[in-house]
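**Student:** Given next are the chains, with one letter for each unit.
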Amino acid sequence: MLTLQYIPNNEIENLNSENKIRKLLSLVKEDKILLIEGRLTSSEEARLIESTMEQISKSFKGIEICTVYPQKKREVQFFDKLRKEVLNILGYRQGITIIGPATIIKDIKRDPTKIELLTRNNKGTRRNVIKK
Amino acid sequence: MLKKIGGSIKRFLNSLFKSKKHVRLGLYGPPNSGKTTLANKICKDWLGEEMGTASRIPHETREIQFKESVTIKSNGKELSFKLIDTPGIATKIDYEDFLRFNLNQKEAKERAKEATKGVIEAIKWLDNMDAVVVVLDSTKNPYSQVNITIIGNLAARDIPVLIAANKVDLRKANIKKVESAFPQYKVMGISAERGDNIEQFYKTLFKVVK
Numbered sequence: 001m002l003t004l005q006y007i008p009n010n011e012i013e014n015l016n017s018e019n020k021i022r023k024l025l026s027l028v029k030e031d032k033i034l035l036i037e038g039r040l041t042s043s044e045e046a047r048l049i050e051s052t053m054e055q056i057s058k059s060f061k062g063i064e065i066c067t068v069y070p071q072k073k074r075e076v077q078f079f080d081k082l083r084k085e086v087l088n089i090l091g092y093r094q095g096i097t098i099i100g101p102a103t104i105i106k107d108i109k110r111d112p113t114k115i116e117l118l119t120r121n122n123k124g125t126r127r128n129v130i131k132k
Numbered sequence: 001m002l003k004k005i006g007g008s009i010k011r012f013l014n015s016l017f018k019s020k021k022h023v024r025l026g027l028y029g030p031p032n033s034g035k036t037t038l039a040n041k042i043c044k045d046w047l048g049e050e051m052g053t054a055s056r057i058p059h060e061t062r063e064i065q066f067k068e069s070v071t072i073k074s075n076g077k078e079l080s081f082k083l084i085d086t087p088g089i090a091t092k093i094d095y096e097d098f099l100r101f102n103l104n105q106k107e108a109k110e111r112a113k114e115a116t117k118g119v120i121e122a123i124k125w126l127d128n129m130d131a132v133v134v135v136l137d138s139t140k141n142p143y144s145q146v147n148i149t150i151i152g153n154l155a156a157r158d159i160p161v162l163i164a165a166n167k168v169d170l171r172k173a174n175i176k177k178v179e180s181a182f183p184q185y186k187v188m189g190i191s192a193e194r195g196d197n198i199e200q201f202y203k204t205l206f207k208v209v210k
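Protein chains in written order, with our numbering: chain A, 1 to 132; chain B, 1 to 210.
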């Protein structure tokens, strides 16, 4: 059985980066696929990968992660920078992040219009499509 | 935020006390994208010797490797850098994947253990780079979170980036897709193995590493 757990931003926004990553990884290690409101900062993503590597074991093979967030293609540089700063202040609330254990998620394929979540089951690979 | 400020101060001080033309140039990317093949090509072209061993087995490079001083020339200009080849960054490592490449259980487990350490080391070294070539396999989907995380971290540190869309000699290569995934960066289609477009790559490197 596949367990999806939704994590609203207010559940993790007050945690510091270390605690946020610890919480997310402990849930993933319970074989849950997390749908997180918003996204991690790039340094949190890097730290998440580091923590994942530190915890690789016989039963935990790592994670699959994918983040989607709205992006405007043609922006004036100044407004782009301003938007980046505003996003920093808001704590990256926009978008959605999917994190799951690599033992369950075979692959997450992202292209500009959709996310394909390929999960492993006893009968092989199942394709789940989430459209943006 | 503090990390970013610290990095900027470090780079500013380095620019004051070090020759601007001697930079630390890192090669980053996911496993098997051709980082070591590119490092070897650069070293062979300018030093006459290779840097490391490239392999079709993922995570062949599991430790940071570097050449202290590489000087490349283009249009009468010189650029010297310390070339740093990093282990491929991944979010999962399963020793069983290595068994497909005829490694025995012990070898596969050891390789997986070393690979996890290599990923951690590569991430830690991000703070030490002055410029980075992100090497991507142009036959694969560029929208992977590893690619986005690497580039996002470099952008957060204000480190200049050149994207090398490698393996353009292969039929499935799609440079346009890499360009559309990262429109704010210069993307150079190359074949590190065959040397396709490598002169143009060196010229672009001069522009990126100003």
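Honestly, the hints are just simulated from the structure, not real lab data.
Since the model is a prediction, treat every value here as computed from it, not as a measurement.
Every residue gets a Cβ at the ideal spot worked out from N, C-alpha and C, and that includes glycine.
Careful: at least some of the hints might be erroneous.
[Said to hold, decoys possible] Example chain B residues on the side facing chain A (calculated, C-beta under 7 Å, incomplete): (1) 71; (2) 149; (3) 153; (4) 156; (5) 159; (6) 175.
**Student:** May I ask which of the numbered hints given earlier this structure violates, with the numbers listed in increasing order?
**Tutor:** Result: hints 1, 5 and 6 break, sorted rising.
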